[in-house]
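Q: Next come the chains, spelled out residue by residue.
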Amino acid sequence: MSEEPSKRVMRISWGPQHPMSGQIRILVDTDGERVLNIIPDLGFTHRAIEKILENRNVVQGVVPVERMVMVDTANNALAYVRAVEELLGIEPPKRAQYIRVIICEVCRILSHLYGFGLGAESGGGYPAVFLWSTADREPFLDLMERITGTRWSYSFFVPGGVYRDFPDKIKDKFLKTLSYFEKRLETYRRAWFENKIFEARAKNVGVLKPEDAIRLGAAGPSLRSSGVSLDVRKNEPYEAYDEIDFKVVTLPEGDSYARLFARYLEMVESVKIIRQAIENMPSGPYRKSVSPFKRLPKGEAYARVEAARGELGVHIISDGGFKPYRVKITSPTLRNLYVLSQLPKISDILLADLPVIMYSFDPWYLDADR
Amino acid sequence: MYTLNEIIGSLTKFIGNLWQFIFQMCMSLAPVLFIPGLTFILLFVTVVIWFERKYLAHAMLRMGPVYAGRVFGWLQCIADFLKILTKEIIVPSDADKTLYYLAPILLPIVDGLAIAFIPVAPDWVIFRGFGYGLPLFLAIVSLGPLCPLIAGWAANNKYTVIGSLRAAYMCIAAEIPLLLSAAGIAILAGSFDLVDIVEAQSKMWFIIPGFLGALVFFIGILAEAERTPFDISVAEQEIVFGWRTEYSGILFMLTMMAEYISLLAWELLFITLFLGGYKGPVIFGSPFISNIAWVLIKLGILTAIIILLRTVFPRFRLDQAIKIGWRYLIPLAIANIYIAIIIKLFFPFVV
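Line order of the protein sequences matches chains V and D.
For the first sequence, the tail end lands on 1433 under my numbering, and the numbers increase by one without skipping.
For the second sequence, the tail end lands on 368 under my numbering, and the numbers increase by one without skipping.
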């Protein structure tokens, strides 16, 4: 915590008891409506996930890792599983890689729908768009239930492949859901992104220039909407992403509107990726068995994936026991929160802009706390 | 000595006089008690809150109230009212107690009093205001925005202070256009009396010659009654609940009711000034019932439009709202006055 501000400045505790704050306290220094300082106070949901991982073997470890971001479980699990696979020196079968891509992209859609709904709500008014986007997650959740057995936290990726095979008979239903979803996306564009009041609220608000975005270390769509093309899926392709044709969404503006719109465009790209992955999925085995009752090889491994909120890295150090010696996770929300805390120094922010800016970064505080 | 007949005669006369007196009292109290008085106000608040909840719920793919009351959850507002009566009133320890209690009690009274000037039938008006109904209405209603200022200051909370200051800014930005566009109508009608203004709309509703004024007035209503997209002073996502943050129990309910009563008052004035008030073809039996029915129909349509805005529109920022008030609404309202003068000078046969 920084020192107490002067008398002219009012310090507001924005959260955790606040309708729009989430599980975080943000100290906001204001002079009237003008925001001078943003100080995120983390730790309300710290669950020591990194410590828990030291007491689980690598197969059990998938479950706590998924708890970091509950709307984006697959990407989190994938980062951990890939780190483990690198440590063990195994490569999953081709079919497993395609299944992983499908599930990760569905998770990206689920997460972006949620974040987009919250971003819409942050502009004020009544949260109709939030409930529409929540309703549109349902068909995907049903599909995920058919594939993995659960709707939210799948624990479906295991070191060496995936837990079960992809049922080929739901391919048609999958494709039908995707075309329905594309229609819904058009509705969102007309109802929200072409809404004049929303444009007035979000355009030119919280502008992050490319050099600032790089200097402060923004991650994911927040970085790409500042015009910096950095996507792990493209720059360092993992799984089957190098065999799939998609483009990295970059927008030049760097304001709150661009950050929210970039997520919208990423959903459009995700639909394309899923379609290609379903059509090109090879047949064959879906798992190489990895025994949890074997000692891990001594050494270190690092893997990174492009999660919905940005680059997520997992670093595993093993001392040759059954369990990892140390697991370190780099999460995108923590980096984006740092960008948020530095924003008042590079652009003018009013108190009314704070929720719009905050939810344009799509924060997930459990991800930052871990 | 009086004979029995004389006594009976005088008694009958007395009773007759008394009956006439009571009847007259009742007739003069009827507007106060029924329409547009207490019963109507309470009914309006209940029905509109229920309708808003149900309508918005369906817009958001939800069900809305379903349990209290068999059909469409129509008893839900009454159930909520009874529940909220049992809640404790919590007063913050640093609050200025008198002002804290005063503001939410004053607010519905102020807005309710203004309704007294509205005619719902040619001679069915609680107080005609010596022929100056329009300026008196505006004078009384403009006391209203003082209450958020008092309330926010008295509660001694950071969020309430911000909310009350926002309410004060909004009041300045919204009330001047409202006054100016009402002035245009007074010129068109040639009178400050609301009954005369309605009667002057026999040929044509003033929304046609005073279209700009109606637009300004409609947006002004949204800003004045804290409706979306101008609910800046209670912006939930930014400052919790604005100047109402600390209120609980019945005090909170009073602030809630005041929002809808002020909406009702402004809508009734809008109908009176622009939509021909109680004017309309006699289709409901007697002219009196028709008059009231037309007011209700126009009120219902206007309310539905205002609630519809709440489904899709986000909120304006404070500076944007003030910019709209000063940069667009005031020039439009002044243009409306000039149009009214031109019509009065060169086309007096129109109105």
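Since the hints were made in silico from the structure, they are not lab data.
Predicted model only: the values in this text are computed from it and were never measured.
Every residue, glycine too, gets a C-beta built ideally from N, C-alpha and C.
Errors might be hidden in some of the hints.
Cβ-to-Cβ under 10 Å is the rule here; a few derived chain V residues that face chain D [said to hold, decoys possible]: (1) Ala1183; (2) Ala1364; (3) Ser1404; (4) Val1419.
Q: So, for every hint listed, does it hold in this structure?
A: Evaluated hints:
no.	hint	verdict
1	Ala1183	holds, 8 Å
2	Ala1364	violated, 42 Å
3	Ser1404	violated, 18 Å
4	Val1419	holds, 8 Å
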